[in-house]
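Guided by the hints, dock chains B, C and D with the ligands onto chain A, whose structure is given.
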Amino acid sequence: MAELNLLEAINQAIDEAMAADERVYIIGEDVGYRGGVFRVTDGLINKYGEKRVIDSPLAESIIVGSSIGAALYGMRPIAEMQFADFIFPAFNQILSEAARMRYRSNNEWNVPMVIRAPYGGGIHGALYHSQSIEAFFTHIPGLKVVAPSTPYDAKALLLASIADPDPVLFLEHKKCYRLIKGYVPDAPYTVRIGEADVVREGDDISVIAYGLMRHYAVEAAETLASEGISVEVVDLRTLTPLDKTTVLNSVKKTGKALIVYEDNEFCGYGAEIAALIAQEAFEYLDGPVQRLGGLDIPAMPYSAPLENEFMPTPQKIADRLRDLAAF
Amino acid sequence: MAELNLLEAINQAIDEAMAADERVYIIGEDVGYRGGVFRVTDGLINKYGEKRVIDSPLAESIIVGSSIGAALYGMRPIAEMQFADFIFPAFNQILSEAARMRYRSNNEWNVPMVIRAPYGGGIHGALYHSQSIEAFFTHIPGLKVVAPSTPYDAKALLLASIADPDPVLFLEHKKCYRLIKGYVPDAPYTVRIGEADVVREGDDISVIAYGLMRHYAVEAAETLASEGISVEVVDLRTLTPLDKTTVLNSVKKTGKALIVYEDNEFCGYGAEIAALIAQEAFEYLDGPVQRLGGLDIPAMPYSAPLENEFMPTPQKIADRLRDLAAF
Amino acid sequence: MKQERDQTHLLEMYRLMRLARSLDERMWQLNRQGKAPFVISCQGHEAAQVGAALALRAGHDWVVPYYRDLGVVLTMGMTPREVMLALMAKAEDPNSGGRQMPAHYSHRKLNIVSHSSPTGTQVPHAVGIGLAAQMRGDDIVVWTAYGEGTSSQGDVHEAMNLAGVMKLPVIFFCENNGYAISVPQRKQMGVENVADRAAGYGFPGVVVDGTNVLEVHEATMAAVERARRGDGPTLIEAKCVRLTAHSSDDNDRTYRTAEDLKAMKAQDPVVKFETYLTSEGILDDATKTKILNEIKEAVNDATKYAEAAPLPDPATVKRYVFAE
Amino acid sequence: MKQERDQTHLLEMYRLMRLARSLDERMWQLNRQGKAPFVISCQGHEAAQVGAALALRAGHDWVVPYYRDLGVVLTMGMTPREVMLALMAKAEDPNSGGRQMPAHYSHRKLNIVSHSSPTGTQVPHAVGIGLAAQMRGDDIVVWTAYGEGTSSQGDVHEAMNLAGVMKLPVIFFCENNGYAISVPQRKQMGVENVADRAAGYGFPGVVVDGTNVLEVHEATMAAVERARRGDGPTLIEAKCVRLTAHSSDDNDRTYRTAEDLKAMKAQDPVVKFETYLTSEGILDDATKTKILNEIKEAVNDATKYAEAAPLPDPATVKRYVFAE
Ligand SMILES: Cc1ncc(C[n+]2csc(CCOP(=O)(O)OP(=O)(O)O)c2C)c(N)n1
Ligand SMILES: Cc1ncc(C[n+]2csc(CCOP(=O)(O)OP(=O)(O)O)c2C)c(N)n1
Ligand SMILES: [Mg+2]
Ligand SMILES: [Mg+2]
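Protein chains in written order, with our numbering: chain A, 192 to 518; chain B, 192 to 518; chain C, -3 to 320; chain D, -3 to 320.
Next comes chain A alone, as it looks inside the complex (with noise of 0.2 Å):
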């Protein structure tokens, strides 16, 4: 058991994959000498030699379309992109072939692949480099969407994705790459994709959020704890495919539901989850499905007073609570 940070348990899982599996490689801007922008390659292309640990040129399409003809062809690529932000030049290669084609081929090929993306804010990076991207990924059929927040299931659900034979988008929120330490067995372990994790439990209300938010919202929970409020606090880990049974057996417990998420509120991630629980849960509801989420602008400004009004805080989630607990 050694205690390290989400980036560190990170970089752990990569190398561990490429030394049990000649198969697995990595591509990405400036993950060679420089290990990426973050560190999170840091040390593996002096381990694993320029062949398995590519820099690419810059240009994302390829990046991710040259990993899907290597998946095809057998390869486990990992393919970095810098920053989450930038994606999205690959989101035709995401959708229209990564995510469809098991599907388009009749389960004659599939690509197994794994996107890293850095994503979310708070951390001084303005419009396009603080985004969260999930909503425009949960929703494509076919593709897996990982979003963990502690070292722990970081570890265990990158080598789940490597080992997925099907597309997986793994998620990983910037501002916790140092901030989130934790402990990471030495011996082998494993947390299931598709695994929702009940990280604190609570009878008045239930908070559903991953990345970042999961951290905030056990800090509001802990908050009301003290005003004799019981907050439960979901942390979904996998946004695709989603722990259905999990999110519902809690807010039909405590019968209300906060879904914090760090992205544009509007047509968010949270807004899936909250149309679940208003269809599933709508008998054991004593209050409304609540939401709180970004702001509706296009990311984060740079300023820092104006970035502060972006995000969720721990602070507005226990206003929220407490708006909540009273109804």
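Hints are computed from structural coordinates only; laboratory data are not their basis.
Please note that a few of the clues may not be correct.
[To be verified] Incomplete in silico selection of chain D near chain A, CB under 8 Å:
#, residue
1, Ser112
2, Lys183
3, Met185
None of the values given here were measured: they were computed from a predicted structure.
A virtual CB, placed ideally from N, CA and C, is assigned to each residue, including glycine.
This is chains B, C and D with the ligands only, laid out in the frame that chain A set:
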């Protein structure tokens, strides 16, 4: 007053806008002598010449990207995507550029541009000529998304979109092109972007729909009327900005809501409507907010028996309404 | 062209071109009979396709085709039955089980990779396959095709660039028929030859007469050798003719003149090769009749087989979104 | 280089290059002092930028720059204060009101178009501006810039292709400094010169020494004349040096050798031009001191002004998503 089909109404709107404003031009694949693969721009190249009706190279990102530039310079481009399915190479230009220009420049620059995209299924178009794409775009702050379902609305809303100082994605349902006919006034009239329409009043259940589904919903409502169930149908017409008031007023009146959309259900646009109702109309609800969307498979397959499975139909809508009425 | 090229080989070329043409013509018939809602043709591209594909090792090399490549997939080993099953969207269709439109080829066992409708997306896949093969040390060649219109897509640029950087064993085969649906070449590009772009990526670009099967074959053989040697990619531009409308949904009289079509018809690659073989004494009447009869039978058989084959079971519609 | 080029012009070139360098250096100081979280530099590109921008008619021609183009925006008329306001993300910043990262330039009155962070997206915009100007019959030229890494993006290909087809008045200016963050040119492209790609689009591609301001200026003047004549685009590749890390977030010692940096420093365009002007007797000590003093004052003034300027009001965060 003339009876036009949807396609003709759109052609007429473009024609009038080009006649009235020198800044308006068309760019897209085959929009010239071919008149578009659906004939929407039929005749316009003969009237306005090759300079204002531009057959572009086969590359959607430059169609949109160059339109952004031209809009910045003061033009009013109408960019055609040949099929909505082919808009994704331009996704980055739409999301990162067109929709953010005003915000990121603090109101110094703006992009008055319309992107027209024929979408939707039931036309034997298979995975890549059948998609509904709205969910990817309604999640983009800074972009308006319009999806009229009648010739009357289409003409007025297209003119409003062309006149709009911000970028608009204008969705045209392919199956409605020739199927849906209606009277279109000769005299100028307006329909404002952002206003939904209660197209059928009712007391027991609200159906929220748009595009082809609005027509299917009306059909289902008529069936149910004969069974003594009174269904209100709201045609959203504009998806962003959403007319929350009309939606909420309808549901507050009826107490029950079914949202019908043809796109993949999970994380589709209907999730936002469901979430909105669950949050804002909770106390008025007499039953769970229901959604009926397309299957969560990658668009619809080509083979007829498979395609038929995908689409919501008047029958499927009626079935869901009966269940909801009985709740 | 080489005199020593043996007769069997030349007749096999002819047979494949004729087979592609006959199957294609049958598809249009079925379309007019209301039995096939959509057809998109190889007519005018047969020489380019068969000439190129015969330079590959079937079942060993990889092919990432586009919708016109009927001649390619037949040469790689797809059967007329399999083609007709796709046309009629039947359950057994090995391309997609009737899920994709016709002419969206795929055949796992034949190393024919599934492609989609958005133009150009297949080209990066070919590059990735080449990259994987290079990593593994396999001596395969990857061949991918697209039209001159598609060469305008960003993906094609990105793909050629990476292939050039890494010297991948990829052949970019541009079938230039002068039109992208209705858009003529002069509105598509500011140059005469797509092949001129190769120089910007550090590998050779070759223009060939795409209606001359032997010229195409020779150029492709050279590209295959180069790729197998490890010297990297080649871009081959085959100047083809489009003898039909873009597809059965198109009406090309709205944008192309009768003269243009006539000029293209004068270049019909099947007729040209037949004339050549006849004049060289390689194809006599008896052989021709035999070949044509066999093809007719195969096309009839394929049609009948596909017509009788069952449609997909609606219950399967949700299958294979993910591994099961 | 032309002897008759008048002295004032040469000294103005020098002043602009020095101003860009000094402002840039100050930004790094502010970064180290914790007053500016992010800096990205023009250092090593000054000759390319000033040489090019001086070929344009400020306020008439249009500029679609990228993040290194401090020398360009200063030449087009952006003031040091405006630059510093952006660096410190202050409300008055005309680039974005503090919304974008520093070096994301925009100035409506100066025809400097707002650009974003995703690389290459600005290039299609330049083409669209050229298209609009051509439609309107305006005689403007549109100049756009990007790095050699960015030349790998599909958007750059699509943009050059359309500009070539329509003969648009666009200058594609590639500032090749040999690196895209850490990725060296040999991993970026299979050729020596980005400019070689122009031939594939039907317009000239020119390679210039980007550390030689006069050479860049001359090449750009020629491209401007060509564009204004209606003869269409030019691709100019200026071979530059990158004298800093990619940005203040980067550490280039992880991927580039001390020798590489030393070799680049030996090509410092500001030093080179200063030496040239001195040796030609155009720049004497007194003039130099005067220019440097004025620049120092301007930079001090800009820093003080920006430091004192108010931050954006948080209440404005939701404004300008749409027209109000
Ligand atoms: C991304 C995308 N945009 C548009 C289309 C519609 N479309 C299908 S084929 C075609 C023309 C292709 O022309 P070309 O590449 O020259 O091939 P050809 O059909 O002439 O062989 C177009 C525009 C598409 N399939 N994909
Ligand atoms: C689409 C996209 N991908 C990745 C990045 C991250 N990034 C920023 S600058 C840069 C390198 C640019 O290199 P080059 O074009 O050569 O310009 P230079 O900085 O060397 O002047 C990268 C990879 C980005 N901004 N946008
Ligand atoms: Mg063509
Ligand atoms: Mg560079």
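Hint-by-hint comparison with the structure:
1. At a threshold of 8 Å, the smallest CB-CB gap from Ser112(D) to chain A is about 6 Å, leaving the interface hint in force.
2. Below 8 Å, beta-carbon pairs count as interface contacts, and Lys183(D) has one with chain A at about 5 Å; its hint therefore holds.
3. The interface hint given for Met185(D) holds, since its Cβ lies 7 Å from the closest Cβ of chain A, which is under the 8 Å cut-off.
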